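Chains as they are written, first to last, in numbering that gives the first Met the number 0: chain A, 0 to 287; chain B, 0 to 287; chain C, 0 to 287; chain D, 0 to 287.
It is possible that some hints are incorrect.
To give a feel for the contact side, a few chain C residues facing chain D, derived at Cβ under 8 Å [unchecked claim]:
# : residue
1 : Phe44
2 : Tyr47
3 : Pro54
In short, the hints are calculated from the structure, not lab data.
These figures come from a predicted structure and were not determined experimentally.
Cβ atoms here follow ideal geometry from the backbone N, Cα and C, with glycine treated the same way.
Protein chains: 4
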Amino acid sequence: MLANPIPWPDGNRCAVALTWDVDADSGLNYAHPNSADNLVATQSFVRYGPSIAVPRLMEIFRRLELRLTFFVPGWVIESYPAAIELIVSNGHEVGLHGYMHERSNQLTRDEEAGVLVRSIEAYSKRIGGRPRGWRAPGFAFSKHSLDLLVNAGFDYDSSLMGDDIPYSLQGTSGQLVELPTDWTLDDWPYYMHNRDFGYTMPISAPARAMEVFRAEFDAAHTYGALWISVWHPFLSGRLSKFHAIVELIEYMRSRGDVWFARLDEICDHVRNLETRGKWRPSVVRIPS
Amino acid sequence: MLANPIPWPDGNRCAVALTWDVDADSGLNYAHPNSADNLVATQSFVRYGPSIAVPRLMEIFRRLELRLTFFVPGWVIESYPAAIELIVSNGHEVGLHGYMHERSNQLTRDEEAGVLVRSIEAYSKRIGGRPRGWRAPGFAFSKHSLDLLVNAGFDYDSSLMGDDIPYSLQGTSGQLVELPTDWTLDDWPYYMHNRDFGYTMPISAPARAMEVFRAEFDAAHTYGALWISVWHPFLSGRLSKFHAIVELIEYMRSRGDVWFARLDEICDHVRNLETRGKWRPSVVRIPS
Amino acid sequence: MLANPIPWPDGNRCAVALTWDVDADSGLNYAHPNSADNLVATQSFVRYGPSIAVPRLMEIFRRLELRLTFFVPGWVIESYPAAIELIVSNGHEVGLHGYMHERSNQLTRDEEAGVLVRSIEAYSKRIGGRPRGWRAPGFAFSKHSLDLLVNAGFDYDSSLMGDDIPYSLQGTSGQLVELPTDWTLDDWPYYMHNRDFGYTMPISAPARAMEVFRAEFDAAHTYGALWISVWHPFLSGRLSKFHAIVELIEYMRSRGDVWFARLDEICDHVRNLETRGKWRPSVVRIPS
Amino acid sequence: MLANPIPWPDGNRCAVALTWDVDADSGLNYAHPNSADNLVATQSFVRYGPSIAVPRLMEIFRRLELRLTFFVPGWVIESYPAAIELIVSNGHEVGLHGYMHERSNQLTRDEEAGVLVRSIEAYSKRIGGRPRGWRAPGFAFSKHSLDLLVNAGFDYDSSLMGDDIPYSLQGTSGQLVELPTDWTLDDWPYYMHNRDFGYTMPISAPARAMEVFRAEFDAAHTYGALWISVWHPFLSGRLSKFHAIVELIEYMRSRGDVWFARLDEICDHVRNLETRGKWRPSVVRIPS
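Use the sequences and the hints to build the structure in full.
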């Protein structure tokens, strides 16, 4: 099924990256700049992410010996130092996710550049070093994003949906490794019901959402693809949903030959294959 | 999974509060102030709540020996005295739910204070005494709500979603016990389809909705959490849906070690644990 | 579960009325007065109702020996004489459903009265006699509808949702028997996906929709209620969906003790019980 | 169940045409003329169609020995020559689907005629010859479409939903064979969740979507109908979804007596039946 199959490390059949977008209240604040403090229930709902879910995730992933990637807006890094410290000290990777969960393609190039500076500053000051990975909030990667990210020294992006395996984004300033995902692997379509976010959909039982995520995994496992979830601690980190995720991980492990990895590790693997001439990613030019 | 597990009474594993929001036609009247009397079918749909469903619930919960909490807008207390009398005489708790199902965070502070006065008056006059609990209509708890509720003598709120167990809301005037729930435990996402309310979603079979509620219960039972449903008599009190709820209750009982309680009892339990130094809830400040 | 259980004929446990709203293209024309002729695919979709589905229904219901109630807008009676002739000659009842599927509560009283005159004229001219039953298009029964229907000589309405069994609507001019239904028993929430109608929901597999209808039936059968479907030939009359309906009917029959009836027969039964002093329906006043 | 059953070739019970709409980024560009280049993630999502999915489909359908019909906008024919070459060289049929995925019924007659000229030019120049079939983008077949298509020499349309089997569209200039489908057989209602397209629905697990498609097939197989899917490579061509489609095809084959065909073959079969006096399609006049 794959035109250009990628060899995964140690003969594994597929790569699984459970990634989390730790939006907390940034997206709510951004969407409602003048009234977010008045949306107290929804605030409590999204702050559950860093306050309740992140410590839970840390404990369970430590027990499961999994190190994952968390995308965090700069403002959330600044506002929730305890959660960030927990994530970092447990060996997880932190990628950037805007400063205040801005939709990049609704900004000018200058505004987007400013967001990037500010969020990198937050990262460097609170975590140290520089971030390697980026996920555009709301998947709203703009026509300027690639060059801005290249110039800012990022190694990879995980916002696009153009393939089942890693590929290369080529811009005027250089290139990034693209680690693609799909709306199907986001938890939003199954779990979000909230008028302040403008979503009025039925909420899926965890078993129904897992049926989707498991089908995606089964296909990745069968055909050698990359499986990247886009989960939110305030949705998938709730008790019933996270319980189902632990069962999903157990199922994945029972299938065997799965490479559980952070996105920076997958990025390194891709670059290493290229350097060693073992595999060459397809290249997509932006703008195209 | 819980960072600060709460001991439930008698060694029970979790607490279950089946709570009901008896909106009747208040929300419809509030949303359509000039035309609600012309929406006759939707009126009949929502008035089914106090007229048909409440007597049914009273009979079945009496048989099941369950005493529950019902949140009722002040105007509904005044407009449906027979339903209220039934609720009170069967040993259920009545909490307040606005006067006309107003969304608090769309009111000024003065308007919200006026709503509170008017709904407490309705409560005191028709039921006697003062209400102990509050649920914000539409979960639209405002930045003023906490202080207004503290000043009005409330003991607890059940509108927020910031934890899996009780916590404490600290405002400038004092504190409330917060008994949190989640949109997932509301029946609206599964059963509401009505153009006058602006909802055009598929309606779930009762067994599908119960799959969600049961998954939430199983997680609460496994991890020691608080499970609070937010059900509406005009939705979940209909024959097929209520039949499924009775089966859910039987399932819960078959699991064992469940504390079925009213919210005022849970509030008392929390305060009692604090007083006796047995457990301390986490504290959330509002505004934060 | 029922406060005022109604005795059904011959000791049956419940009454089942499979009713159909034969909208054809009336609702589309009404919603898009200036462009409906340009919506050719959606036109073909809704005209499937009288052209393809109605003859199919006639054949199958004849084989199943079922006589049902069809609600038809006056304009559809005039525009699809062959379908109407089939319905009538097979012993089914025709009730009225507006003239052009107007939403009554968006009309003035005079406009609504005019719609009623025009649709009764269509009925009398094409079918003969006068209609006994009414269902408001879009369930948009207005505050004027009851008196207009009483004055026009109708015997019953089937647009409201205020009970699980028949009840009585009392207006200033007289009363109607109300034969209530529920959005849950409409096929729209499960099968409608069409941008010209403004619906963008997932479409249910027939087995999933039937799970809902069957749960409603099981509850009606267990507790003695009235089950009235609100189905559309252009949705539920399609092959796969109608196949599932035939299986549902077989299931209902296998349960036994079900009174399959037209709504006029149920209306007569209610009036007969009243006359004989055997049962008294609850009374709802409109305006209330 | 069918009033005018059509004989299928070789005694098969039904006809199955797996058709695909290869929109690629045409629809996105049309909907967002000034900002489509800034919607980079959604661009990557839809370009997955010609880039990743089409080669996959070619490989698998070759292995399955299936030749299908692909509807492609003229601009996509011009922009993705490699994908088009693959489709044509594998023996599949290419039908037209607008030039830039225009909604025909939102154009003037002259604009629509211009679109047709331009898309036929793209077809003739890149593929050679003239297209025989048309599917209106978004099912937005206009009141002018039939005559424009007849005059342009098309043989069939597959945009309407007026029957379960082929029928004849009669316009002022001549007639087309209509090969009808239904929104139920489109993959959009089950898989599309994307804010740039304005869709915020839950995404179905492949097994749930297949439950719908299989129910439609079972009905077609039982009653002798025509089953035409409307799938999009960027949705149904993704790994997990396409894997489920391969299983569906295996299921269909296991049922036996299925005629898998391209739409041009079905069109020829219909005309052949007519010529030989073996069967006569029903005729629908447009405008009606």
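Hints, one by one, checked against the model:
1. Phe44: Check passed: Cβ of C/Phe44 comes within 4 Å of chain D, closer than 8 Å.
2. Tyr47: C/Tyr47 check passes; min Cβ-Cβ to chain D is 5 Å, inside 8 Å.
3. Pro54: 5 Å, holds
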